[in-house]
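Residue numbers (my numbering), protein chains in the order written: chain A, 8 to 473; chain B, 8 to 473; chain C, 8 to 473.
Calculated from the structure, these hints are not laboratory results. A hint or two may mislead.
One copy or two, either will do: identical chains are not told apart, so a pair holds if it fits within one copy or between any two.
Claimed, not checked - Taking lysine to aspartate or glutamate pairs in the DMTMM-like style, the calculated list, with each CA pair at most 25 Å apart, reads:
1) K218 x E447
2) K52 x E380
3) K52 x E443
4) K54 x D387
5) K283 x E447
6) K389 x E41
7) K10 x E53
8) K52 x D63
9) K127 x E374
10) K127 x E380
11) K127 x E447
12) K54 x E374
13) K10 x D436
14) K283 x E49
15) K283 x E380
16) K218 x E443
17) K218 x D450
18) K52 x E374
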Amino acid sequence: MTKNTNIRISLPAVCLVWQIAMIILFGVFVRYNEESDARWIEHLKEKNISSNIENDFYYRYPSFQDVHVMIFVGFGFLMTFLKRYSFGAVGFNFLIAAFGIQWALLMQGWFHAFDNEDWKIKIGIENLINADFCVAGCLIAYGALLGKVSPVQLMVLTLFGVTLFAVEEYIILELLHVKDAGGSMVIHTFGAYYGLTISRVLYRPNLFQSKRLQGSVYHSDVYAMIGTLFLWMFWPSFNSAIADHGDGQHRAAINTYIALASSVLTTFALSSFSQKHGKMDMVHIQNATLAAGVAMGTAAEFMITPYGSLIVGFCTGIISTFGYLFLTPFMENTLKIQDTCGIHNLHAMPGVLGGVIGAITAAAASESVYGREGLINTFDFKEATANRSPSVQGGFQAAGIFVAIAFGLVGGALVGGILKLPIWGDPADANCFDDEVYWELPDDEPDNISVSVHPNPNHVRSVQQE
Amino acid sequence: MTKNTNIRISLPAVCLVWQIAMIILFGVFVRYNEESDARWIEHLKEKNISSNIENDFYYRYPSFQDVHVMIFVGFGFLMTFLKRYSFGAVGFNFLIAAFGIQWALLMQGWFHAFDNEDWKIKIGIENLINADFCVAGCLIAYGALLGKVSPVQLMVLTLFGVTLFAVEEYIILELLHVKDAGGSMVIHTFGAYYGLTISRVLYRPNLFQSKRLQGSVYHSDVYAMIGTLFLWMFWPSFNSAIADHGDGQHRAAINTYIALASSVLTTFALSSFSQKHGKMDMVHIQNATLAAGVAMGTAAEFMITPYGSLIVGFCTGIISTFGYLFLTPFMENTLKIQDTCGIHNLHAMPGVLGGVIGAITAAAASESVYGREGLINTFDFKEATANRSPSVQGGFQAAGIFVAIAFGLVGGALVGGILKLPIWGDPADANCFDDEVYWELPDDEPDNISVSVHPNPNHVRSVQQE
Amino acid sequence: MTKNTNIRISLPAVCLVWQIAMIILFGVFVRYNEESDARWIEHLKEKNISSNIENDFYYRYPSFQDVHVMIFVGFGFLMTFLKRYSFGAVGFNFLIAAFGIQWALLMQGWFHAFDNEDWKIKIGIENLINADFCVAGCLIAYGALLGKVSPVQLMVLTLFGVTLFAVEEYIILELLHVKDAGGSMVIHTFGAYYGLTISRVLYRPNLFQSKRLQGSVYHSDVYAMIGTLFLWMFWPSFNSAIADHGDGQHRAAINTYIALASSVLTTFALSSFSQKHGKMDMVHIQNATLAAGVAMGTAAEFMITPYGSLIVGFCTGIISTFGYLFLTPFMENTLKIQDTCGIHNLHAMPGVLGGVIGAITAAAASESVYGREGLINTFDFKEATANRSPSVQGGFQAAGIFVAIAFGLVGGALVGGILKLPIWGDPADANCFDDEVYWELPDDEPDNISVSVHPNPNHVRSVQQE
């Protein structure tokens with residue numbers, strides 16, 4: 008009955024082989040772009056740039072570091088809520104993000120930063136942000152699978168996830184000329200459906216065997232708030248990190264800040280109203296408060312107006328909390344989708360909603376609001392799309408949603424099939440959500456848990472009889 | 008004897024009604040300012056601004072994010088020190104800050120950012136920082152009331168607190184032309200007296216009934232250090248966030264950094280000296296180390312000199328620790344002011360001191376130190392105050408302190424009276440400081456606590472007898 | 008047998024006397040530099056600087072705050088892993104860093120920022136960063152001594168450590184004209200050998216008496232990950248904080264980001280491969296993942312290429328994990344060096360390696376890669392070193408390593424000798440790693456620990472017999 012969870016060969020092999028592959032591919036393909044190359048000083052003079060401060064580094068580095076914190080501390084700690092899976096949450100998040108950003112630099116580089124002259128990918132600060140964004144899709148997918156998969160499976164999920172992401176992103180952003188600075192579609196919708204589909208394929212009918220480990224304890228709920236708050240606080244940076252210089256970044260930050268504030272109130276309202284005595288549920292506070300950031304991912308850089316942002320936050324707080332209350336149980340029981348962190352409520356629904364909001368806002372754009380140059384600037388109505396009207400842009404935006412969903416579903420089915428092979432060292436149903444399987448735990452831990460978490464009469468008795 | 012703490016109707020009602028009100032008011036009043044509007048690109052050309060980097064976003068966004076972390080993680084985690092009130096500390100802090108920043112954008116907007124041409128409030132990054140500042144006043148007040156009030160009361164406290172703040176701030180900054188970039192008076196003095204007065208009105212003579220829950224446990228003291236450190240590290244950003252571009256922000260950061268370093272040493276010294284064997288007390292380390300940031304809130308942008316900053320830090324570390332040792336018990340026993348977090352020592356005294364230091368530093372300013380243009384620039388001796396001398400400015404600065412105290416006392420008495428009404432669902436004396444009242448706690452928590460925190464002989468015995 | 012650990016006089020005395028000394032010395036020597044002085048506005052016009060945004064504050068403040076977080080939260084929480092020494096880890100880290108940055112502003116100021124005209128040190132944002140860097144050396148040293156020394160000893164260690172650092176830094180950076188922006192040699196190599204030598208001098212043969220407290224518990228390992236992640240995420244800022252404006256900072260951030268990602272994979276690989284069933288060890292994940300940041304400290308600002316950075320990360324993850332597996336036990340048993348946090352693996356080896364990598368990369372630099380101006384710019388081949396060739400620079404870089412090691416060894420022996428005097432209140436062998444010695448602990452803590460961490464049969468029995 009117990010599965011073989013020994014990953015002593017497979018995990019090191021995967022890590023080392025893939026890391027060596029990264030070194031070789033970086034050696035062949037990756038170089039500094041002109042802003043990070045030592046020749047920048049010559050470039051400055053040639054292009055008559057007035058100052059070093061015009062280096063894109065100074066426009067984007069603060070936002071980059073905020074996004075970096077969201078990826079590693081935000082996602083990592085948000086998933087530490089389980090009573091005995093904090094090591095796995097924060098540790099495997101660390102592992103796959105660190106691998107994913109390397110592979111993303113390559114995959115996204117081939118599509119977006121490839122220099123046809125010397126066949127090299129030229130990287131700068133914007134590529135680092137995009138790599139962090141790309142890996143966010145895989146971390147979202149991990150949220151559905153938390154506690155039920157091995158680190159080797161997660162590495163496979165990330166390899167394919169980043170690959171699919173880069174293709175999907177290319178289609179949506181480059182071919183369809185869709186705007187999606189904060190990735191409602193590209194990141195959240197894709198990542199969530201990718202993870203949910205994999206979870207469906209890996210459905211475990213006997214997961215109740217590890218029911219004792221599926222909840223939180225008081226302390227782990229406090230840790231998880233570290234994740235929630237860093238995600239919440241820095242989401243304005245997430246949605247503005249790669250927006251246009253100047254008003255684009257400025258507006259994206261304001262809109263996201265406002266929407267997030269609004270969603271906190273509706274989340275508390277619905278959480279309180281749904282329980283006896285009006286007590287709040289930490290699951291809702293930890294997650295649904297963030298849904299507004301997801302839903303603003305497309306429209307944040309548009310002129311959605313401050314009150315438009317508030318309305319988005321209002322709705323997403325309600326929808327997401329509603330999802331935790333009713334949809335998660337329904338999906339588990341009826342659709343056989345086990346979603347540990349509730350990514351359907353935090354990423355899938357708000358992501359699709361964000362795509363729709365973005366399409367509507369784009370379609371409603373006008374010269375009277377944006378100004379002629381502002382309209383061109385905001386929607387990049389240049390070159391191939393110079394003659395595109397806002398309403399046509401709205402149509403393309405809507406099409407982007409379907410591309411993201413399709414990549415999530417098809418990619419998830421494919422990767423789910425691969426991960427179902429019995430070679431990856433995943434845990435038995437009774438050992439899910441348990442750090443014991445993949446981590447050396449501190450010696451005193453088993454006693455600590457048995458006494459303090461579920462006091463065992465036998466244990467106390469045997470102690471007496473000594 | 009047990010009070011009705013059911014907030015299932017009142018909390019959702021307050022949250023939803025107020026959020027809808029925010030949407031309507033934002034719809035009527037709030038728009039982007041010219042730096043966050045899509046017409047910025049046209050504005051750039053009209054005003055002959057050389058580059059996007061001149062957008063205020065790039066001057067202030069890094070400081071803004073630091074302030075944002077202080078508000079949500081700093082204040083939130085600083086209050087998690089109680090053994091069973093961590094959810095309430097970080098959760099209600101989250102709720103009221105999210106509401107408060109919206110209401111602050113409106114209230115401060117009407118006073119400071121109102122465009123008389125089209126009757127709209129025009130917002131940009133500086134408004135977001137100011138909204139965070141404004142809400143800090145209410146979070147300080149929450150510190151005095153921690154564990155003794157319901158979230159509905161906190162929402163009321165925040166609604167009135169932000170309103171009072173905006174009026175007080177208008178009087179101090181706009182009418183008296185006082186400088187207070189880091190808010191020693193406007194934020195800390197006001198917020199602290201507001202909270203202390205409310206606490207006095209809501210005095211609970213039988214609070215000893217929840218004495219078992221009034222301390223910390225080992226782990227919760229470590230969480231609280233997360234709050235302390237993020238506040239301590241980012242206080243230079245707090246005091247420099249809305250200071251003048253260039254040397255103003257630069258100097259405010261340096262002065263605050265230096266003062267905070269100094270206060271750490273005197274806090275450790277006094278904490279150690281006050282206990283047997285020289286053992287340090289976490290309460291002092293968590294709080295008194297921060298008082299220097301408060302006390303530098305006014306003078307940080309002035310030419311107070313680096314050693315002046317060190318002296319301020321030296322004194323505040325001593326005064327604040329002294330307050331925790333002697334004043335807090337005195338205030339509780341004699342003045343009937345129960346101050347859970349000791350905001351009198353961390354915000355009230357250092358805030359008033361900061362106002363005084365600011366007044367003296369301003370009065371002592373001279374052209375020989377600041378330079379002619381520097382003096383005008385630092386104190387805004389333009390237009391209405393073009394002829395004001397430094398010593399007159401010092402007098403106005405001192406007047407600002409009294410305005411802040413008066414608003415705190417009168418506002419606190421008023422709001423305290425409202426909060427005393429028996430309709431807000433506040434906890435009984437025996438249930439204060441207990442997350443059980445307002446939160447769904449993890450199932451295993453009661454057992455966990457009863458065994459590990461205060462081992463109950465009866466519990467162990469009953470286990471034996473099974 | 009029990010030592011006198013009463014520090015009620017010594018600690019307050021040291022803190023107060025040294026803080027007063029700081030005030031006096033700052034009063035005599037420290038002033039604002041032209042960018043933080045109120046005369047900046049005049050300076051702007053004189054020097055024809057186009058905008059406030061050219062103030063160095065805007066180039067470096069975001070990086071400064073990241074470094075500040077690394078020093079106080081990063082180092083502080085990384086050391087909280089011990090089950091009962093979290094207060095001491097984060098608290099004493101706070102104390103000595105706060106003292107050290109003041110002393111560093113003076114020491115570094117005399118060497119690097121002294122204005123011969125008016126005999127003043129002129130400080131700005133870069134001095135704050137350098138002060139944080141300087142204190143990092145002492146915090147690294149603390150890592151070897153964690154749990155075995157008194158706070159008074161740590162203050163002495165910091166006083167001498169900062170002094171030695173400033174001299175060593177002057178020799179390496181100013182006299183040898185070595186480049187070391189992220190401090191592989193200056194910070195990490197020096198700090199690690201300084202701490203290891205002190206630990207050797209203070210060798211405790213009977214340290215096994217506190218063996219019960221030498222491990223972690225589940226929760227403390229999760230805290231420690233907060234430290235790990237903030238160090239890991241912000242290391243690109245550490246290595247780029249004082250690099251050249253423009254491409255220098257940009258490239259240093261990219262190289263460090265890439266190297267760190269690579270080291271995560273090899274750390275997980277080796278950690279998994281070294282244990283039965285391939286289980287990972289938190290000690291490795293918490294520490295070895297960071298070694299790449301150390302090893303990139305010198306070369307990050309050079310044109311090491313992205314794949315070069317990946318190779319550095321690949322090797323350091325392996326070397327550092329290997330160190331934890333084999334060298335730490337060997338050093339303790341054979342060399343009598345007790346290294347609580349394993350700084351030899353995280354700072355000493357990677358630091359020396361970083362120096363070597365820097366020397367090789369510098370020696371290999373060429374005009375064809377850097378461009379003529381880029382080469383001059385990157386290596387400061389101006390004035391005294393205008394005629395230095397890259398290969399000669401490589402030689403000087405290599406010499407810097409030996410200077411750093413020599414200062415660590417000799418300084419550590421000297422300071423170790425001082426700290427061995429029986430006057431500093433250090434704990435007995437049986438009381439090492441115990442917060443009880445220097446901290447007022449929450450009342451319930453002893454019971455909590457005795458029940459939950461190592462259930463004590465006697466305790467349970469006595470409870471019965473009541």
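In ascending order, which of the hints set out earlier in this document are inconsistent with the structure? 3, 7, 11, 14, 15
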